[in-house]
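From first to last, the protein sequence lines are chains A and B.
Quick note on our numbering: the first sequence kicks off at 842 and runs consecutively.
Quick note on our numbering: the second sequence kicks off at 2 and runs consecutively.
If you are wondering where the hints come from, they were derived from the structure by calculation, not from laboratory data.
One or more hints might be untrue.
[What the hints assert, rightly or not] Quick look at which bits of chain A chain B covers, simulated, 3 or more residues with Cβ under 8 Å:
#1 853–861
#2 875–881
#3 1098–1105
These numbers come from a predicted model, not from an experiment.
Don't be surprised by glycine CBs; every beta carbon is placed ideally from N, CA and C.
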Amino acid sequence: MSVRRANTEPAWVRYTLLTLAFAFLALFLGVPLAAVFAEALRGGWEAYVNGLLDPEARSAVTLTLAVAAIAVPLNVAFGIAASWAIAKFEFRGKSLLITLIDLPFAVSPVIAGLIFVLMFGAQGYFGPWLAEHDVKIVFAVPGIILATLFVTFPFVAREMIPLMQAQGKDEEEAAVSLGASGFQMFWRVTLPNIKWGLLYGVILANARAMGEFGAVSVVSGHIRGETNTLPLHVEILYNEYNAIGAFASASVLALLALVTLVAKTLVEWRMRAETAMLTAELPPEKTN
Amino acid sequence: MSAKKNNVLPGFGLALGYTLVYLSVLVLIPLGGLVLKSTALTFAQFWDIATTERALAAYRVTFGASALAAVINAFFGLIVAWVLVRYDFPGKRLIDSFVDLPFALPTAVAGITLATLYSTNGWIGKYLEPLGLKVAYTPLGIVVALTFIGLPFVVRTLQPVIEDIEPEVEEAAATLGASRWQTFRRIIFPAIFPALLTGFALSFSRAVGEYGSVIFIAGNMPLISEITPLLIISKLEQYDYVGATALAVVMLGISFVLLLAINGLQWWAANRHNNRNTGGEQ
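Extracted from the complex, chain A is given alone in its bound form (with noise of 0.2 Å):
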């Protein structure tokens, strides 16, 4: 009789726990993620690399990037000003205000894109003086940017609001006392302690914001070359009956994936390792 170990199960249990987990990530991560590159190559690597290179394609992935170029600067500065709010000041309202800040993750990316529609399209609030001075923000690129804002909008601030609350006033009081401007501070050291937890959420924004299609959808009115996003593209082309463009554009997109997620996993590691260094240099410091 082998002794029975007081913290873990028996070893059949442990076997078919094991089985039952790998069985369900393959099925459900694995098997998708092998398809989406073997459907794109099954014409062989001539027709994939034309899809790819297809003008439309081109101008998908152009308006794709441009978008996410403006989106997720602008929600970097919000996160910044919010957590920079939230976590060093102390004032009425604020769990509301955190509540408020998540909404948009629980909105439906359809009601994203309907919202904009509502303000700015033909028979919106805002529909005829627009028209008036023939300005095009729904079914035109303002609108995907705005949708694809409301989207990403709590990313950097969520990550940000626990980090500098964990990090309390302390080093930035010190910074002031001696004398730093708001700049200065800011720059020598609120950012330096904060850059792990800012580019995670930068990170995390920029690829909802590359791969947005509900909201999007609604807003950008699928004009081809014009208002067309990647992950539009992929659309228009698999109804098509385009198997093969459809999925040479979504394995860019799967691409992307997997780069956030090696991205995302790196700066887990680098933050996990800052607060163990952190940690293990407390308890000396607390002795003296």
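With chain A held as given, fit chain B onto it using these hints.
For chain B alone, kept in the frame of chain A given last:
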């Protein structure tokens, strides 16, 4: 108030002002506009639009499929989280990162891939078809897509909680003669239950609003496999803005209730946890 006066740090007014303006312009005013638009309807009109046969069928499909997907994710998510925290195996860190794939993969890519996999000639569909199981273009396909989308939530909510269970508690239970199953049922499961429920709610809430991954595999037959977000879009495409708005307000209300429920669950989980910790220290 005194804390605010004593605070020497600069930028409070600017940071909070910018936060409130940005939040209002981008989120609160547009969402307010949606609610305002629906007030153009009388309650009776609103009720009629929100409860047509097609709308009711869409709610049934959306919430039914979301609940089923969340149950699947709760069951397998618990197993995956347990295996990732407690067991050692080669490639563990790689698999751990891989769990977040549904967060990173654009929903349209997931949608066309799952539709292809589960269609009659697809890698998976061709084995299910002879068994009489049709997945693509049926409500079952919606469950598959929503399971994919919600997969990381339960795993990621449970992992830190399982890590925090103190081994002494399990050892004590074993010493007192509990079988491993009794220890799990009486000690471990009650400790992780609030987190499991939170993960379930997060997964469900995400699934209810999902659009991109579902439409390709659903078949989108009105009354059978049409989800509510798609019904909103088809009303919008027919320039029925009032109809789209009414359904969107229903969805928004439900999402808001879910958000509050999730906040409540997280508060419950955190408080319980703190009580347990302080109890242990005494």
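Outcome of the hint check:
1. 853–861: This one holds; 5 residues, not fewer than the three required, reach chain B with a Cβ under 8 Å.
2. 875–881: It holds, with 3 qualifying residues against the three required.
3. 1098–1105: This one holds; 6 residues, not fewer than the three required, reach chain B with a Cβ under 8 Å.
The structure agrees with every numbered hint stated previously.
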